[in-house]
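All chains should be built: construct the whole structure from the sequences, respecting the hints.
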Amino acid sequence: MSDLTLFYAENVESEITEEIALSERFKDAEGKPLLWKIRSVSENETSIIRKESAKKVKVKGVYQTETDSDLFSAKLVVAGVVHPNLKDAGLQASYGVMGADSLIRKMLLAGEYTTLIERIQTLSGFDRDINDLMDNVKNS
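Per the working numbering, residue 25 is the first one in the sequence shown, and the count goes up by one each step.
Derived from the structure by calculation, the hints contain no laboratory data. Treat the hints with care, as some may be off.
Below, in silico cross-link-like pairs of lysine-lysine (PhoX-like), each with a Cα-Cα straight-line distance of 25 Å or less [claimed, not checked]:
id	residue 1	residue 2
1	K51	K111
2	K61	K130
3	K84	K51
4	K51	K61
5	K51	K130
6	K130	K75
7	K79	K130
8	K130	K111
9	K82	K130
10	K75	K111
Below is the structure:
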């Protein structure tokens, strides 16, 4: 019988972080790639982002709610990036934009942006296949 207290909030790693060299374009004074610090995004946060990214569309005379996937991705990235601080007014001003989601789209090349989304999703558990997890449990 397992100890249920191992599932208590204080015994679980609540946030997973990682530092990645996202691009060779961002370099320090010595020419080394700058590291971006990213973190996992909880289901609670993801749910809020999903609601903020919802839009009403009219389909055959009936309004339906759809998620704007571009907006959802941008908000997920903003939630997952710890460093650099995308909400910094000076950083936004240097790119001539207002808002963290506008900044990240302006800062990064398309492939860099996709890589960043993928890394944040992986940290947030989106890369796990339920069948693989079940196999791991069976083999334990």
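Right, here's what the structure says about each hint:
1. Note on K51 and K111: the hinted pairing holds, with a Cα-Cα distance of about 20 Å set against a maximum of 25 Å.
2. Of the pairs offered as hints, the one joining K61 and K130 holds, with about 18 Å between alpha carbons and a cut-off of 25 Å not exceeded.
3. At roughly 52 Å between alpha-carbon atoms, K84 and K51 are farther apart than 25 Å, so this suggested pair is violated.
4. As the CA atoms of K51 and K61 are separated by approximately 15 Å, the hinted pair is consistent with the 25 Å bound.
5. For the suggested pair K51 and K130, the alpha carbons sit about 17 Å apart, so the restraint of at most 25 Å is met.
6. A distance of roughly 24 Å separates the Cα atoms of K130 and K75; the hinted pair therefore holds under the 25 Å criterion.
7. Simply put, K79 and K130 have alpha-carbon atoms about 23 Å apart, close enough for the 25 Å limit, and the pair holds.
8. Restraint check for K130 and K111: satisfied, since their Cα atoms lie roughly 14 Å apart, inside the 25 Å limit.
9. Proposed proximity of K82 and K130 is contradicted: the alpha carbons are some 31 Å apart, above 25 Å.
10. For the suggested pair K75 and K111, the alpha carbons sit about 21 Å apart, so the restraint of at most 25 Å is met.
Of the numbered hints given earlier, the model fails hints 3 and 9; all others are met.
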